[in-house]
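Chemist: Chain by chain, the residues run as shown.
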Amino acid sequence: MKLYLRLLLLTAFGFLAVSSYAQQHKTGTKKAPAKKPVAGLSASIAAGQKVYSQYCISCHQADGGGVQHMNPPLIKTTYVLGDKSKINKIVLNGFSEDVDINGDSYSNTMPSFDMLKDQEIADVLTYVRNSFTNKASAVKVSEVTPLRGKK
Amino acid sequence: MKNKFLITSLLSTVAVVGLLSFTTPGKKHIATHNAENAGLKLPAGFKADVIADNLGTARHIAVTPQGDIFVKINYNARRNKDAKGIVVLHDNGGGTATVKTSFGNFAGTGVYVKNGYLYASSDVDVFRYKLNDKNEVIDPDKPERIVTGLISRHEHEAKAILLDNAGNLYVNIGAYSNSCQEKDRQKGSMGQKGCPILDSAAGIWQFKANKPDQHYGDGIRYATGLRNVVGMDWNTELNQLFVMQHGRDQLHDIFPDMFTVQQSALLPAECLYAIKKGDNAGWPYIYYDQQQHKKILAPEYGGDGKKTGGENAIDPAVAFPGHLAPNGLLFYTGNQFPAKYKNGAFIAFHGSWNRAPEPQAGYFVVFQPFKDGKPFGYWEVFADGFAGTPEQVASGRADHRPCGLAQAADGSIYVTDDSKGTIYKISYKK
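Chains as they are written, first to last, in our numbering: chain V, 1 to 151; chain G, 152 to 581.
Just so you know, the hints here were simulated from the structure itself, not pulled from any lab data. Each hint should be verified, as a subset may be incorrect.
As the list claims (entries may be wrong) - Derived Cβ-Cβ restraints for the label pairs, each shown as a range:
| hint | chain 1 | residue 1 | chain 2 | residue 2 | range |
| --- | --- | --- | --- | --- | --- |
| 1 | V | 83 | G | 254 | 29 to 35 Å |
| 2 | V | 136 | G | 289 | 52 to 58 Å |
| 3 | V | 115 | G | 443 | 28 to 34 Å |
All residues carry an ideal CB built from backbone N, CA and C; glycine is no exception.
Please work from the sequences and hints to get the whole structure.
Modeler: Written out as structure tokens, the structure reads:
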């Protein structure tokens, strides 16, 4: 019983130690002088969120979780985190294949969003790759432009 | 020393967190089912039991007078080649059931029992199995293919089925499109002239119930202009087909200048139609606006949210709010429930997704009273709480999603859930 209590205390302390360390670490990064790429990233994420709310949210939902058997989730999937040219092309050309993602099947029509500007596509994909617990590099305009018109 | 301490506590933290994450979902699940009425909210005098669970994507359901239950499972055929498409339960009474067997190497939605046969559909075919005098399948490995080659193209693939009393089989073939635009679901894209989808989909087809290997050419387009129907039932009082249409999506996404996000969340109506042979419900040229009580010209075909259209299209019998996704329809003919339920319609609403970013809705079973074959008074929510908390309704992250409905031999009703594979039995306590 005593041992159990001690273990519990240790655990609680462990929690505190880890979380306070993490907090310090976090604020540390925030306080560091903003480097240009970081500022660029947060601006792109903010702009991308606006694009997402306008064009993506009705199918992929506010939490990026998609819709059961219809609209794929955007949370930690290889489509979102993997090869950037693949997801760029999906936004540009649309997508209407049946796919399996993390064990579940999805089937619906995603239209082309080629009416968006290259900057808007870069922003929305940067937002998606850095939201819903995703963490991945930004998508640059230079990575979108060459893919226009390519299937 | 300090390091060692940190490591010990870290390890135990991980262990505790790990343990929590393993036990919590299971616990929650059991708690839901142990809760009164399996977590459902029901009218006074009714009770609910979970009679089966974890069956997978449990879609439609059919029953026999002997208390056997056939549940159609829409498993992922690409991943689970050995899964079974039909699960057979036996209702033991007292809120319990036993899994008897499972068979059928095709996924899909539709299942129906009639005249000594079990009918079941994949997304392209309809099969039937002969039943013995106890209504058990005689040879589960050798179904007879009745219809084949139906269109299934990434949208509205489910083939709901039923039989009438004159040897006819009815199959829903949903539109492989939202609103027959030149480019499906594309912002601003206009409607295809003389929508070609209507030739082979977006309607109810009638086939012979006993003729093998029928194709489109053997069938009759019984009703058209129905975007997608999943819930349908034969009204025995009127000897007539009734269907629930899933209305179109994305009015705002496609025509943001004409429809606000809020309008798009509520429009158009999900409609109950009483169908006669040759009827046209108007898709894709019109939709039904339940606020204006009018058939409105679709924006893809020159509409603006106000212009009416569809002079030749039928009116709905009942119009429900948008995007609730009616997947099950059942006319209640039993004697167990109080008199007001007799010959009325239960509708299982799977729950919305196309209302985002507005709150989602649905995930309940509704009752629409009928009198003398006509809707009588307003519909009401009959069974609610499938989703879990109000937050789960609003976000659409529902625990359970109602799909299929059937009337039990004892006059109770069954509700399937295609999210967790739960089968509910709802009864009236005398």
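Chemist: Each hint needs a verdict: does it hold in this structure or not?
Modeler: Now for the hints, and whether the structure bears them out:
Distance hint check: the CB atoms of residue 83(V) and residue 254(G) are about 41 Å apart, inconsistent with the given range 29 to 35 Å. In this structure the supplied range 52 to 58 Å holds for residue 136(V) paired with residue 289(G), their Cβ-Cβ distance being about 56 Å. About 31 Å separates the C-beta atoms of residue 115(V) and residue 443(G), a value consistent with the hinted range of 28 to 34 Å.
In this structure, only the earlier hint numbered 1 is contradicted, and the remaining ones agree with it.
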